[in-house]
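Protein chains in written order, with our numbering: chain G, 31 to 565; chain S, 7 to 326; chain V, 8 to 301.
In case anyone wonders, no lab produced these hints; they're calculated from the structure. Predicted model, so just to flag it, every value in this text is computed and none were measured. It is possible that some hints are incorrect.
Restricting the straight-line Cα-Cα distance to at most 35 Å, the calculated cross-link-like pairs of lysine-lysine (DSBU-like) are [unchecked claim]: (1) K155(G) / K138(G); (2) K138(G) / K219(G); (3) K125(G) / K163(G); (4) K125(G) / K138(G); (5) K459(G) / K163(G); (6) K107(V) / K438(G); (7) K125(G) / K155(G); (8) K107(V) / K459(G); (9) K447(G) / K107(V).
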Amino acid sequence: MPLKVTTCGAVCAVLLVAACGSGASAGNPAKAGGSGQPKPGGRLTAALSSAPDCLDPQQAGSSTTITVTRQLVDSLTDQDPATGEIVPWLAESWKAESGARRFTFTLKDGVTFSDGTPLDAQAVKDNFDHLVKLGARAVQASTYLSGYRRSVAVDARTVRVEFDHPNAPFLYGTSTTSLGIVGKATLAKPAADRCASGVVGSGPFVLDHYTPNQEVVERRRDGYAWGSALAPHKGAAYLDQVVFQVVPEESVRVGRLRSGQADVVSLLQPQAAPQLRQEGLALETRSPAGLVYSLNVNVSRPLTADPAVRRAIQKAVDRRQIVTTLYGSVYRPATSVLAGSTPGYTDLGADLAADPAGAGRLLDGAGWKTGADGVRVKDGRRLSLVLRWFSTYAATQSALELVQQQLKVVGVDVVLKQTPVSQALQAFKDGDYDLILGDAPSADPDILRRYYTARGLNAVRLPGGPLQTALDGQAAESDTGKRAAQVAAAQTLLVRDAYAIPLFEGSVIVGVGARAHGVRFDSAARLQFHDAWVS
Amino acid sequence: MTRRDMARYLARRLAQAALVLWAAFTLSFIVLYLLPGDPIEIMTGGGASGDAVDPAQIAALRHEYGFDRPLAVQYLDRLAAALHGDFGRSVTSGVPVLGLIRTGLPATLTLTGLAVALAVPAGAGLALLATYTRTPRLRRLLLSLPSLGVALPTFWVGLVLLQVVSFRLRLLPSAGDAGPAAQVLPAVTLAVPAAAALAQVLARGLDNVLRDPYVETAHAKGAGRLRVHLRHVAPNAVIPALTLLGLVIGELMTNAVVVETVFSRDGLGRITATAVGAEDIPVVQGVVVVSAVVIVLVNLLVDLAYPLLDPRIVLGGRAS
Amino acid sequence: MTGLVTGLAAEAPLTAGPGRRALGAARLLLSRPGLLVSVVVVLLALTAAFLPGLFTSGDPLAAAPARSLLPPGPGHPFGTDQLGRDLFTRVVYGAGPSLKVTVVAVAAGVVLGGLLGLVAGLAVRWLDDVIARVIEVLLAVPSLLLSLTLVTALGSGTVNVALAVGLANVAGFARIMRAEVLRVRTSAYVEAAEAFGARRHSVLLRHVLPNAYGPLLAVATLSTGTAVLAVAALGFLGYGAAPPAPEWGALVAQGRDYLSSAWWLTTMPGLTVAAVALAVNRIARAEGEWAGLR
Numbered sequence: 031m032p033l034k035v036t037t038c039g040a041v042c043a044v045l046l047v048a049a050c051g052s053g054a055s056a057g058n059p060a061k062a063g064g065s066g067q068p069k070p071g072g073r074l075t076a077a078l079s080s081a082p083d084c085l086d087p088q089q090a091g092s093s094t095t096i097t098v099t100r101q102l103v104d105s106l107t108d109q110d111p112a113t114g115e116i117v118p119w120l121a122e123s124w125k126a127e128s129g130a131r132r133f134t135f136t137l138k139d140g141v142t143f144s145d146g147t148p149l150d151a152q153a154v155k156d157n158f159d160h161l162v163k164l165g166a167r168a169v170q171a172s173t174y175l176s177g178y179r180r181s182v183a184v185d186a187r188t189v190r191v192e193f194d195h196p197n198a199p200f201l202y203g204t205s206t207t208s209l210g211i212v213g214k215a216t217l218a219k220p221a222a223d224r225c226a227s228g229v230v231g232s233g234p235f236v237l238d239h240y241t242p243n244q245e246v247v248e249r250r251r252d253g254y255a256w257g258s259a260l261a262p263h264k265g266a267a268y269l270d271q272v273v274f275q276v277v278p279e280e281s282v283r284v285g286r287l288r289s290g291q292a293d294v295v296s297l298l299q300p301q302a303a304p305q306l307r308q309e310g311l312a313l314e315t316r317s318p319a320g321l322v323y324s325l326n327v328n329v330s331r332p333l334t335a336d337p338a339v340r341r342a343i344q345k346a347v348d349r350r351q352i353v354t355t356l357y358g359s360v361y362r363p364a365t366s367v368l369a370g371s372t373p374g375y376t377d378l379g380a381d382l383a384a385d386p387a388g389a390g391r392l393l394d395g396a397g398w399k400t401g402a403d404g405v406r407v408k409d410g411r412r413l414s415l416v417l418r419w420f421s422t423y424a425a426t427q428s429a430l431e432l433v434q435q436q437l438k439v440v441g442v443d444v445v446l447k448q449t450p451v452s453q454a455l456q457a458f459k460d461g462d463y464d465l466i467l468g469d470a471p472s473a474d475p476d477i478l479r480r481y482y483t484a485r486g487l488n489a490v491r492l493p494g495g496p497l498q499t500a501l502d503g504q505a506a507e508s509d510t511g512k513r514a515a516q517v518a519a520a521q522t523l524l525v526r527d528a529y530a531i532p533l534f535e536g537s538v539i540v541g542v543g544a545r546a547h548g549v550r551f552d553s554a555a556r557l558q559f560h561d562a563w564v565s
Numbered sequence: 007m008t009r010r011d012m013a014r015y016l017a018r019r020l021a022q023a024a025l026v027l028w029a030a031f032t033l034s035f036i037v038l039y040l041l042p043g044d045p046i047e048i049m050t051g052g053g054a055s056g057d058a059v060d061p062a063q064i065a066a067l068r069h070e071y072g073f074d075r076p077l078a079v080q081y082l083d084r085l086a087a088a089l090h091g092d093f094g095r096s097v098t099s100g101v102p103v104l105g106l107i108r109t110g111l112p113a114t115l116t117l118t119g120l121a122v123a124l125a126v127p128a129g130a131g132l133a134l135l136a137t138y139t140r141t142p143r144l145r146r147l148l149l150s151l152p153s154l155g156v157a158l159p160t161f162w163v164g165l166v167l168l169q170v171v172s173f174r175l176r177l178l179p180s181a182g183d184a185g186p187a188a189q190v191l192p193a194v195t196l197a198v199p200a201a202a203a204l205a206q207v208l209a210r211g212l213d214n215v216l217r218d219p220y221v222e223t224a225h226a227k228g229a230g231r232l233r234v235h236l237r238h239v240a241p242n243a244v245i246p247a248l249t250l251l252g253l254v255i256g257e258l259m260t261n262a263v264v265v266e267t268v269f270s271r272d273g274l275g276r277i278t279a280t281a282v283g284a285e286d287i288p289v290v291q292g293v294v295v296v297s298a299v300v301i302v303l304v305n306l307l308v309d310l311a312y313p314l315l316d317p318r319i320v321l322g323g324r325a326s
Numbered sequence: 008m009t010g011l012v013t014g015l016a017a018e019a020p021l022t023a024g025p026g027r028r029a030l031g032a033a034r035l036l037l038s039r040p041g042l043l044v045s046v047v048v049v050l051l052a053l054t055a056a057f058l059p060g061l062f063t064s065g066d067p068l069a070a071a072p073a074r075s076l077l078p079p080g081p082g083h084p085f086g087t088d089q090l091g092r093d094l095f096t097r098v099v100y101g102a103g104p105s106l107k108v109t110v111v112a113v114a115a116g117v118v119l120g121g122l123l124g125l126v127a128g129l130a131v132r133w134l135d136d137v138i139a140r141v142i143e144v145l146l147a148v149p150s151l152l153l154s155l156t157l158v159t160a161l162g163s164g165t166v167n168v169a170l171a172v173g174l175a176n177v178a179g180f181a182r183i184m185r186a187e188v189l190r191v192r193t194s195a196y197v198e199a200a201e202a203f204g205a206r207r208h209s210v211l212l213r214h215v216l217p218n219a220y221g222p223l224l225a226v227a228t229l230s231t232g233t234a235v236l237a238v239a240a241l242g243f244l245g246y247g248a249a250p251p252a253p254e255w256g257a258l259v260a261q262g263r264d265y266l267s268s269a270w271w272l273t274t275m276p277g278l279t280v281a282a283v284a285l286a287v288n289r290i291a292r293a294e295g296e297w298a299g300l301r
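Take the sequences, apply the hints, and build the full model.
Following this line, the structure appears as structure tokens:
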């Protein structure tokens, strides 16, 4: 949908890597109507901005898809959005061995899929074996399984997952919807069928029906009794039904919330938030963990190879101005490449203060002289940079236009090039950009490795060096403290050497109607309806 | 006309219709498969996700969807499948194209029908009034309305209606599928250019008829002006308007792309807009062919309706 | 409604002697204030497309966050947008991408359609039949649907939108050109010229082109009006000029995020599109009236 992609499109569409649709936070229920005794029954209507692109969590790409499928499957673990800690869900305990090469999970007893088959060690093994074969169709899931060797069903309730090289992020991966466990009946089906007709899972809801581009209806699974450690209640969901409506137009979603046609409305534009609050609508905002909105700098290009140019850009960008002009109080200026809620986040706000004068001095010192048209020139070359952004980021367009103006002030010309999503791979392959916009919600700092190293997306096209070392190091480190130190080192390198120009921390905004209670957010700020009820 | 003439005429029109449908399929195939983008890359999330996608896996997907075969083979295969109503699967959602279109078509046809129901009386009324009135100023004003109607951007009309009727006056819901009230604004938006085009053609037709001698004769016989206008003049303008209606319905169905986007309604238009943006080739081709079917059917009905409205017209263009 | 409007225009032939033409045009213009206004609007829009600096000294991209979302008033006749950019300046600079694309689209349609019609008219019978059928089919397909299909194939962007809109109109032009060729072909003077031994095709070309010029121009003017709307619609749907280029349709689309709070963001660019389309249509109608006068 090229016309308007709301915040979700930007937060989650293309460059979303880690689907962190993990469980929910017990300490963080939606405030609106969180009081009172949960009442079973009824149906809750949630209006989403885009249609799910596939009903299989393991193949899921968009945020909508993850939200819709999160209710259908459970994961081995869950992640506390407040602390980033991994907690039990389908697995009641686990241990990582031999330097994050081997993980052994002990499963809860008595868990079944909605078709009655048991969720045992063999089922988990089959899931991972299949996921690796799904390959390109399950890009996000298979990244968590990088280096996967095999799984062994030690006994009915014990499964061991082995990797060829250290894979500390795998544990976080097990909390995501992408590694949600599906039944044998689903694994036997071709990938396209799973997308179209949904999956058999062990979640608190089962798929009732899906009308493409219109609605997904899910109904309660009776007998559910294995909610995550974070869920206030472990048993069956309170709601009879959850209805996800596809309502692409923001104003219409707001209208439905006002009129009570929808109880939960996802992904509002931050611009509208202050006014809506004034009108008395209850809004919940959550910043997803992961990579903030950043301009990634291609250091293999002649102009941006110059560290002075990169650092000048870092200083010239006024993050506060972007946020106050466009995003009210809802978004926050970036203080690192990672969002504040990501494990291992380091506050580098002091390095990211706006300083246009300093930027000018840096460029002067490097020999960039202001030319007749206000753009700096050196050795006959204009300081004109190509900024590529994908069509799914339409909602950030104004911010990019503002950045363009801020850089113009210090004599840096920016050419905005919108690129169709279909040409994204080619764009990264060709590297014909100086700056490229990206963000990626993810509950694990390993997202940095996947984004910034040669084995991953390699957005900045660094040949290797200390950044690569730090990022590879954190992936192999199973000790939380040591891992955080490596992650901090990587963030500092990215910001101080200005390989990435962090702009702002996005926020997911959800409008909650008066009837809805107990709607929870996971660590990637996606909705969870297990504990939700309507009054 | 004999029964045999009728049958022969029908057979010829049906053959023509089939030819048009084949042409629509072929032309859309030619255009769409020249596409530089790669549907498989769209499907794998543009490849922009963290890890590079294995080329072998991409090749496997390409094979699965048949994009690796020679174009001629793909064409014949898809044509054969299309004859059975199979336009393949959406490359973005994996849903069968025909099923997807079937979910959107009723809403769009309803909207189109409502728009026609609004546009025909509005356009006809305007034309009749403009040709009936004797006040030159009023006449000029009425005659200038249609040209205004065709010059207004549809998307903008919709947004202005939303702004005024929904947000300011709070008379009607801003959009969506919330009951019949929500249909009003989209249908009005869609009807504006259609009514304007109808009024233009009708007014022109009425003007010509008014100059006909037999109208004078009718007047001379002492028939009242209004009576002459409605009984003798109006029916003659119906034929060109009917022809136009055949065209208009196709235009209305396509304009639904804009209107459904503005009002956030579900329907074929919305599906089309999404598919165009995502370069979802099978869906766009399905939409083109299905639209062609609707257009061909409507035109066929219009052709068959001619003789009912004007006995002087003979099907197949042969004098009896 | 491109298809049908072009269809109607085909009925309005136009031929004129050069001397009386200017005089007649002037007289017509003065006797019709609406037409005069239309001509002024089109001239202003075209000037803005090529020399936007004449109308405003501002920069369409210069952000001024402190002055964001100001309603129309002194200093900002059209108000300001979310970045504090002057909307009037943006609309003026938007004339460039919007109208150039329109002109290219119509030109592409005229040239390609004209060539197709010419080929059909001059070709052997069976080829003419085939082309005529293709033209018929294309005329039956709604032009927006055709444009959308072409955009799917070509991708978005200004040039592609121009091509998509232009190609969608090829059939209309081809039909007129073909009819003109067939008409001239059977006319007495061409047959006479052939009798004097002139080569057939060169005679045809020499006579067809000047004769086809009038009807083609009339249709081109009318389809310019619809092309303005089509380009704006594609821009609105997000397939047009890449931001921050202030293309008119895209300006309206951007303003939708502020529909309930800042009415001017959608209203002003939309009014501009409507005014230009209206003016072009009025001029096209005048061409018909003018032809009717003589």
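To see whether the hints hold, each was checked on the structure:
no.: 1; hint: K155(G) / K138(G); in the structure: holds (15 Å)
no.: 2; hint: K138(G) / K219(G); in the structure: holds (26 Å)
no.: 3; hint: K125(G) / K163(G); in the structure: holds (26 Å)
no.: 4; hint: K125(G) / K138(G); in the structure: holds (15 Å)
no.: 5; hint: K459(G) / K163(G); in the structure: holds (24 Å)
no.: 6; hint: K107(V) / K438(G); in the structure: holds (27 Å)
no.: 7; hint: K125(G) / K155(G); in the structure: holds (16 Å)
no.: 8; hint: K107(V) / K459(G); in the structure: holds (33 Å)
no.: 9; hint: K447(G) / K107(V); in the structure: holds (20 Å)
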